[in-house]
Amino acid sequence: MANQDSQSTPPKDKSAFGIFMHELARGSLIVPILAIITGLLLGGLIVAVTTDQVYTAWSRSPLEAIGVGINAALRSYSALFNGAIGNPERIADALASGEAAALRRAFNPFFESLIKSVPYIFAGLAVALGFRAGLFNIGAEGQLFMGAVASVYVGFAVKGLPAIIHLPLALGAGALGGAIWGFIPGWLKAKTGGHEVINTIMMNYIAFRLSEYLLRGPLQRPDTTNPISPFIETTAQLPRFFESPIRFHLGFFIALAAAYGVYWLLFKTRLGFELRTVGANPNAARYAGMNILVITVLAMSLSGALAGMAGANEVLGVNYTLAPAFSSGYGFDSIALALIGRSHPVGVVLAALLFGTLRNGALQMQIAANVPVDIISVMQALILAFIAAPAIIRTIYRLRAPQQQEDGLHVRGWGG
Amino acid sequence: MPPVLELKTITKRFPGVLANDRIDLSLERGEIHALLGENGAGKTTLMNILYGLYQPDEGEIFINGRQVQIHSPTDAINAGIGMVHQHFMLIPVFTVTENVMLGSESLKMGGILDRRAATERIRQISSAYGLEVDPDDYVRDLPVGVQQRVEIIKLLYREADILILDEPTAVLTPQEADELFKIMHSLTERGKSIIFITHKLREVLDIADRITVIRRGKVVGSTTPKQANQSKLAAMMVGREVDLSVHKRAFTPGADVLTVQNLKVGDDRGQIAVDDVSFTVRAGEVLGIAGVQGNGQTELVEALTGLRPALDGSVRLLNEDVTRANPRRITELGTAHIPEDRQRDGLVLSFPVADNLVLNTYYQRPFSKGAVLQQATIAKVAEERVNSFDIRTPSVDTSAASLSGGNQQKVIVARELSRPVKLVVASQPTRGLDVGSIEYIHGRLIESRDNGGAVLLVSSELDEIMQLSDRIAVIYRGKIVDVLSAQDASKEKVGLLMAGVVRTATAKKASLGVKPKPKAKASSKTKTSAKKAAQKKKPSRAAKTTRRRKDS
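Chains as they are written, first to last, in my numbering: chain C, 275 to 690; chain V, 2 to 553.
Treat the hints as calculated values from the structure; they're not laboratory data. Note that the structure is a prediction, hence the values are computed from the model and not measured. Check each hint, because a few of them may be wrong.
Stated by the list, open to error - Listed next, the in silico DSBU-like pairs over lysine-lysine satisfying Cα-Cα at most 35 Å (straight line): (1) V:Lys423 to V:Lys201; (2) V:Lys183 to V:Lys233; (3) C:Lys542 to V:Lys423; (4) V:Lys219 to V:Lys233; (5) V:Lys249 to V:Lys233; (6) V:Lys265 to C:Lys465; (7) V:Lys381 to V:Lys370; (8) C:Lys542 to V:Lys370; (9) V:Lys492 to V:Lys9; (10) V:Lys201 to V:Lys233; (11) V:Lys265 to V:Lys423; (12) V:Lys370 to C:Lys465; (13) V:Lys381 to C:Lys542; (14) V:Lys494 to V:Lys183; (15) V:Lys492 to V:Lys183.
Produce the entire structure from the sequences given, and follow the hints as far as they go.
This is how it looks when you write it as C-alpha cells:
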C-alpha cells in the first residue's frame with residue numbers, strides 16, 4: 275500500500291493503525307481521550323466526597339478536609355493501579371528474588387486485565403460492526419449468552435476429539451449461537467421493518483431466561499441443584515500460556531485477530547464497502563443497487579457471531595463452565611465501548627483494554643481502599659456521557675468544533 | 002434623503018475564508034435591488050449579517066442614515082428588516098392567521114389570542130398590497146406561491162420596510178413568479194424596499210432597479226438592467242466569459258431506447274403520483290420533462306431507475322422489459338442516473354471522493370477481484386476522473402461532504418457518464434449550482450446526446466428544458482399533458498401547460514372519466530379565483546420535497 279509519491283494530507287498509510295493515527299492527528303480522537311481523563315478526575319472527586327473522614331475533617335478545618343479527600347482519591351487510584359497492572363513493590367521484590375511463583379503472582383494483575391479485556395474486545399467489535407452498518411445492536415449481551423451456552427454444550431457433551439478439532443468446534447458453536455441470535459432481529463428488520471433496538475432487547479430477555487432454563491434442565495451438572503453446567507472437556511479449553519495463578523489464554527490473541535479481521539472486512543472488501551454504504555446512507559446504497567435487506571441480515575448475524583465469541587471465550591478460556599452470572603454486563607458495556615472507540619477496530623481494542631483494566635482494578639480498589647466497585651461504573655458512565663455529548667468536553671477544554679461532522683460513526687435515528 | 006439602508010465596508014471572516022470583503026451596499030426607498038452571485042459568493046453571509054444571525058468583523062450598518070447595531074433577528078425586525086427564507090418557516094397545520102401571529106401575537110384581556118384583530122389586519126395588508134390570501138385557510142392546503150405570500154404578509158404584519166427575499170422564485174412556476182414580481186412592484190410603489198437575492202439572470206433583468214454582483218466575497222460591480230445583458234452579468238458573476246448558449250449537432254434521432262407505456266406509480270402515501278404515462282426517448286435525443294416540482298417527476302424517475310415499483314404499465318429499455326428490474330440491472334444495461342437529490346441518493350457524503358466515484362461499479366472488475374476491493378485501482382481511476390471531469394478537490398481521499406455543490410454534482414456526473422451509457426436519466430441536474438457548473442453539466446449532457454445516447458432530462462427550470470431539449474413533455478399532476486417539439490414550444494405555452502391551465506385535445510380525452518382528487522374538492526370550497534385555482538397543485542407533496550431538501 276506504500277505510495278510515497280503523494281504528499282497530500284489524507285492517510286497514505288492505509289493500514290489499520292495508519293488510519294487510526296490519522297484520525298488521532300485530525301482530532302477526532304481528542305474528545306475520547308479528554309473524556310477519559312475528565313472521567314478519571316471526576317471519579318476521584320466522587321471518591322473524595324463519599325469518604326466519611328472528609329466530613330469529620332471538615333469540622334476541624336476545610337483545608338484538612340481537602341487534604342483528606344485528595345488522599346482518599348489517591349489511595350483508591352493507587353489501589354486501582356495495583357489491582358489492574360500490579361503492585362510495583364511486589365514486582366520489584368519478585369524480580370529481585372527471581373522466584374517463578376512470586377513473579378507469576380506479581381504480574382498476575384496485568385494479565386488478569388488482559389483476560390478481562392477479551393470479552394470486551396469481541397462484544398465491542400460486535401457493536402461497532404453494527405454501528406458501521408447503521409444498526410444499533412443492543413443485543414450483544416443476549417448473543418453473548420447464547421454463544422456461551424452453545425460452546426459450553428459442545429465443550430462438555432462432545433467427547434473424545436483431539437483439542438485441535440474440539441476447540442475450534444466449540445468456538446465455532448459459540449459464534450454460531452450468537453449469529454443465530456443476531457440473525458433473528460436482522461431478519462425481522464429486513465422482512466417486517468421491526469426496529470432492531472426493540473427486537474434485540476427482547477432477544478436479550480429470551481436469551482437470559484432460556485439459558486437459565488437450560489442450566490436447570492438439559493445443561494445442568496448432574497451432581498448439583500445449582501444452575502451450573504458440567505465442566506468442559508480439557509480438549510475444548512483455550513490453552514493458557516503460564517502456570518497458575520495466571521489465566522492468560524489464547525483467546526486474547528484470537529480477539530486481536532478478530533479485530534484485524536473486522537478491520538479488513540470493513541475497509542478492504544466488497545461486503546465491507548456495502549456494509550458501510552448502507553450504514554452511512556441507505557438511500558445511496560439503494561441507488562447504487564446494493565441489496566439492503568441481505569446486507570442488514572448479514573451485518574446483524576456477523577455482529578451476533580462476534581458477541582457469541584465473547585461468551586465462548588469466557589466459558590472456554592476462563593470459567594470452563596457456565597453459570598448464570600458469568601457475564602458482568604459485557605454486552606451492555608460494549609455499546610459504550612464501541613462509541614468510545616469510534617466504531618473503529620483499533621479504537622475498540624484500546625477502549626476494551628481500558629475497560630478491562632478498570633474492571634479488574636476495581637475489585638482491588640474495593641478491598642484495599644474500601645471504595646465500592648460501583649464507582650467504576652459511575653466513571654464509565656461519565657466517560658460515555660462526555661463522549662456522547664462532545665460539546666461538554668469542547669467547552670471545558672475550549673476546543674474548536676470540527677468543520678464538518680465527525681465521521682466514523684453512522685447510526686440512524688430511532689425511526690430507522 | 003439618505004438611503005433606507007446602507008452597508009459600509011462589511012467584512013466577515015470564517016476560519017480560512019474571507020466570506021465578505023469590505024462590501025458596500027445601499028438601498029434606496031422604493032427600490033428593488035438585486036444581489037447577484039454564484040453559490041458561495043457571500044450573498045447569504047451578507048444577508049445573515051443584516052438579519053442579525055452573524056456579527057460582522059468590521060463595517061457599519063445605517064438605517065435611514067442612523068447607525069444601528071443588529072445583534073439578533075429581533076433587532077433586525079425592530080429595525081424594520083424582514084426576510085423571506087428560501088425554505089419557508091411556516092407551520093403547515095396552522096391557519097394563515099395563526100402563522101402570521103406567531104411570535105407577535107396580539108392579545109386581549111391579558112392572555113387570550115385576539116384572532117379576530119389579527120385576521121382583520123391580514124385582510125387589510127392583503128388588499129393593500131394585492132397579496133391575495135384567505136386568512137382562515139390552513140397553510141398545508143395552500144400552493145407554494147401562496148405560502149410565499151403568507152411569508153411576505155408576516156413581514157408586513159411586523160411592519161418591515163426592508164424586505165429581503167432569498168431566491169424567492171426557486172420553487173415557483175413561471176406564472177407564479179410573474180405574480181410575485183407584480184407583488185414586488187406593488188410593495189415598492191407603497192414605499193417598501195426590497196433586496197432580491199438570486200442567481201437567475203433573466204429575472205434580475207426583468208425586475209431589478211439596480212444590480213450588485215458579488216464574487217468571492219467582494220462586490221465586483223453595480224449596474225442597472227438597462228446597461229446590462231445576460232452574458233455580461235454572467236461574466237461578472239463567474240469572472241470569465243461564459244457561453245450561455247448550448248451548441249448541439251442537428252437533431253437526428255435514432256432507434257427507441259426507452260419506451261414507457263401506460264405507467265402508473267404510487268407515492269409514499271399510496272396515492273397515484275404518475276398516472277398512465279407513455280412516452281419514448283430515442284437515441285440521439287434529449288426529451289425534457291417540464292413541470293413544477295411535486296407533479297410526479299420524482300416518482301416517475303424512481304420507477305424508471307428501479308427504485309420504486311410500478312403499479313401498472315411497462316418500461317422497456319432497448320429490448321428488455323425492465324418494469325420490475327432492480328437498480329443494479331438497470332445500471333448494467335447502460336443507464337446513467339443523475340438523481341434529483343444528490344446528497345440524499347447520489348453520494349455518501351462521509352466517504353472519500355474516490356469511493357463515491359465507484360459507488361455503483363465497485364463490485365466489477367477492475368475495482369474488485371473476488372471479495373476484495375482493489376483500492377489502488379480505485380484511487381488511480383478516481384484521479385483520472387477527477388482530472389477529466391474537472392472536479393475541484395484537494396485529493397481523491399477528501400470526503401465528498403467537503404466539496405462544493407457543483408463539485409459534488411460533478412462527482413456524480415463523472416461516475417455516471419464515464420461508463421458506456423445508452424440512456425441518461427438526469428433529474429434536476431443543475432439545481433442549486435453555479436453558472437460555471439451548469440455550463441459544464443449541460444455540455445456533458447449534450448455530449449452524450451451527440452454521441453448517440455438518449456437523454457431524459459427532468460427539470461423544473463424552464464430555461465434549462467428549453468435550452469437542452471429536442472422534445473418537451475409537460476407533466477402536470479402525474480399526467481403528461483402534452484409533448485411538444487422544441488420548435489413549437491414557447492416559454493409561455495410550456496409555462497401554461499405546467500400550471501395546468503391549457504389542456505390539449507389529447508390530454509382532455511385522456512382525462513375524461515377521471516374523478517377529481519379529494520384535494521381539488523377541498524380547494525373549490527374556498528372562494529378562490531380562477532387564477533388561483535390554476536396555480537393550485539399538490540401542496541403537501543411540494544412541501545414534503547422542500548422538507549426533504551432541508552433535511553439533507
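How the hints compare with the structure:
1. V:Lys423 to V:Lys201: holds (32 Å)
2. V:Lys183 to V:Lys233: Within the cut-off at roughly 26 Å; holds.
3. C:Lys542 to V:Lys423: holds (32 Å)
4. V:Lys219 to V:Lys233: Holds, at roughly 17 Å.
5. V:Lys249 to V:Lys233: Holds, at roughly 23 Å.
6. V:Lys265 to C:Lys465: Measuring from Cα to Cα gives roughly 25 Å; hence the hint holds.
7. V:Lys381 to V:Lys370: holds (16 Å)
8. C:Lys542 to V:Lys370: holds (11 Å)
9. V:Lys492 to V:Lys9: Violated, at about 41 Å.
10. V:Lys201 to V:Lys233: holds (13 Å)
11. V:Lys265 to V:Lys423: This hinted pair holds, its Cα atoms lying about 24 Å apart.
12. V:Lys370 to C:Lys465: Status holds; Cα separation ~31 Å.
13. V:Lys381 to C:Lys542: holds (16 Å)
14. V:Lys494 to V:Lys183: Holds: Lys494 (chain V) and Lys183 (chain V) sit about 20 Å apart, inside 35 Å.
15. V:Lys492 to V:Lys183: holds (19 Å)
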